[in-house]
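Engineer: Below are the chains, spelled out letter by letter.
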Amino acid sequence: MSLYYTQKLLYQLNRDPATRRRFEQDFEGLLAEYELTREERDALRKPDIGLLYVMGVNGQILMHYAALRGYEWNAYLEAMREGERSYGPVKTGLYTRADSR
Amino acid sequence: MALVFAGVCSHAPGITGRAGRADPQARDTFYAAMGRMRDAIEACRPDVLVVIAAEHFANFFMNNMPAICVGMAEHYEGPIEDEKWLGIERHRIPGNKSLSRVLIQEVMNDIDLAYAEEWKFDHGIMVPLHFLTPRYDLPVIPVNINCQGPPLIPLKRAYEFGRSLRRACDARPERIAVIGTGGISHWPATPDSGRINEAWDREFLDKLLHNRRDSLLAYRDEDVWREGGQGGFEIRTFIAVAGATEGCTGELWCYVPIPIFAVGCTVAVMQLR
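Protein sequences appear in the order of chains A and B.
Following my numbering, the numbering of the first sequence begins with -7 at its first residue and continues without gaps.
Following my numbering, the numbering of the second sequence begins with 3 at its first residue and continues without gaps.
For the record, the hints were derived by calculation from the structure and aren't laboratory data.
It should be emphasised that the depicted structure is a prediction, and the values quoted were computed from it without experimental measurement.
Yeah, the Cβ is synthetic: ideal placement off N, Cα and C, and Gly gets one too.
Check each hint, because a few of them may be wrong.
Said to hold, decoys possible - Chain B is nowhere near these chain A residues, computed Cβ spacing over 12 Å in every case:
id, residue
1, Leu(-5)
2, Asn6
3, Glu64
4, Asn66
Unchecked claim - Pair by pair, the computed Cβ-Cβ distance ranges are:
id, chain 1, residue 1, chain 2, residue 2, range
5, A, Asn66, B, Glu44, 35 to 43 Å
6, A, Tyr79, B, Pro26, 23 to 31 Å
7, B, Arg103, A, Thr84, 50 to 58 Å
8, B, Glu120, A, Ser78, 34 to 42 Å
9, A, Glu31, B, Asn111, 25 to 33 Å
10, A, Arg73, B, Met110, 40 to 48 Å
11, B, Met64, A, Thr29, 14 to 22 Å
12, A, Arg73, B, Gly37, 31 to 39 Å
13, B, Asp112, A, Glu31, 42 to 50 Å
14, A, Arg61, B, Arg137, 28 to 36 Å
15, B, Pro26, A, Tyr(-4), 39 to 47 Å
16, A, Ser78, B, Thr251, 29 to 37 Å
17, A, Lys38, B, Asp41, 31 to 39 Å
18, B, Asp172, A, Phe19, 35 to 43 Å
Kindly generate the complete structure, drawing on both the sequences and the hints.
Structural biologist: Below, the structure is given as structure tokens:
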């Protein structure tokens, strides 16, 4: 899993207007520039916000991607909860539950 | 003239971005306290406002993460986030490059610092400025303590940074105000957003406002994570203010848990001496 690059792509998308333009005009080309697994690329494309959360993407990065993809606040929170129901507890990073650490 | 004001406040993006969804009475109580803090800062006639913040992957990422970084630019810009999402319009914010440089050089006698001549403020700085310097005319010197991507600096180093900053400020002719901004307990941007551990928050604030150094520095990150969430790591910004006001006590002007803002909304001011 290349969580680092998944987060890096989203970090740059959140902060950099040029990356935002690439996202709008050539998303596949943008994805290809990062070392991502197929699962990560699929989750970013769909987008599967719940899966990205379970993979360990930091919410401070993820919440802006969710907003960019049209999720209002409650829908974003619900998508993460749905991710936990579908895929289990967060796998790595800050949000691994105490009982799954 | 040295440090003329020191305080702490919350900075959660919901404070402005989801303002319409909060209980109006609780929200207005907090907004009024922020207004009172603005008046108090203005009454001190500061030349510059140092904001000790905990940004959220706006400028700094795990490719090159400084433990503490201080801004050294002529001006800054913010918010980096979508203006509608945050409820704050984009502004240019003046800095004070020469004072930044002097303070950084001085603090480096005690603490290794990174510096940045470019900085786009995120909600961690913009939400406080929205209330405290609404005309964006007071020069700001931003400080970031990494509270997001572990490994994080030990609390004692955040405290020492504050002490060192105080010494550096006290050697200057400028009138300098400082605020620390962060959450106490919170679980921001997660499914637990809205959870607030009020008892834990109040216990922390009691230690902060009596400036009990040893108690403040006794927190362990694993306990903070369990009791205060990953957002609780931001106590580093408050502890830096405790270091900058060593020996001083403070007053709590507001603490009101507002779940849609995802944090116990806090305003507290230290009595400098």
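Engineer: All hints are to be evaluated individually against the structure, with a verdict given for each.
Structural biologist: Now for the hints, and whether the structure bears them out:
1. Leu(-5): The assertion about A:Leu(-5) is violated, with a minimum of 10 Å to chain B.
2. Asn6: Given that some Cβ of chain B is not farther than 12 Å from that of A:Asn6, nearest at about 7 Å, it is violated.
3. Glu64: 10 Å, violated
4. Asn66: 9 Å, violated
5. A:Asn66 - B:Glu44: 35 to 43 Å: 38 Å, holds
6. A:Tyr79 - B:Pro26: 23 to 31 Å: This hint is violated: roughly 38 Å between Cβ atoms.
7. B:Arg103 - A:Thr84: 50 to 58 Å: 40 Å, violated
8. B:Glu120 - A:Ser78: 34 to 42 Å: Given about 40 Å between the Cβ atoms, the range holds.
9. A:Glu31 - B:Asn111: 25 to 33 Å: 49 Å, violated
10. A:Arg73 - B:Met110: 40 to 48 Å: Given a distance of about 46 Å, which is inside 40 to 48 Å, the answer is holds.
11. B:Met64 - A:Thr29: 14 to 22 Å: 18 Å, holds
12. A:Arg73 - B:Gly37: 31 to 39 Å: Distance hint for A:Arg73, B:Gly37 holds at roughly 36 Å.
13. B:Asp112 - A:Glu31: 42 to 50 Å: Given a distance of about 46 Å, which is inside 42 to 50 Å, the answer is holds.
14. A:Arg61 - B:Arg137: 28 to 36 Å: Taking Cβ atoms as reference, A:Arg61 and B:Arg137 lie about 35 Å apart, which means the hint holds.
15. B:Pro26 - A:Tyr(-4): 39 to 47 Å: 43 Å, holds
16. A:Ser78 - B:Thr251: 29 to 37 Å: Hint violated: Cβ distance 50 Å, outside 29 to 37 Å.
17. A:Lys38 - B:Asp41: 31 to 39 Å: 49 Å, violated
18. B:Asp172 - A:Phe19: 35 to 43 Å: Given about 53 Å between the Cβ atoms, the range is violated.
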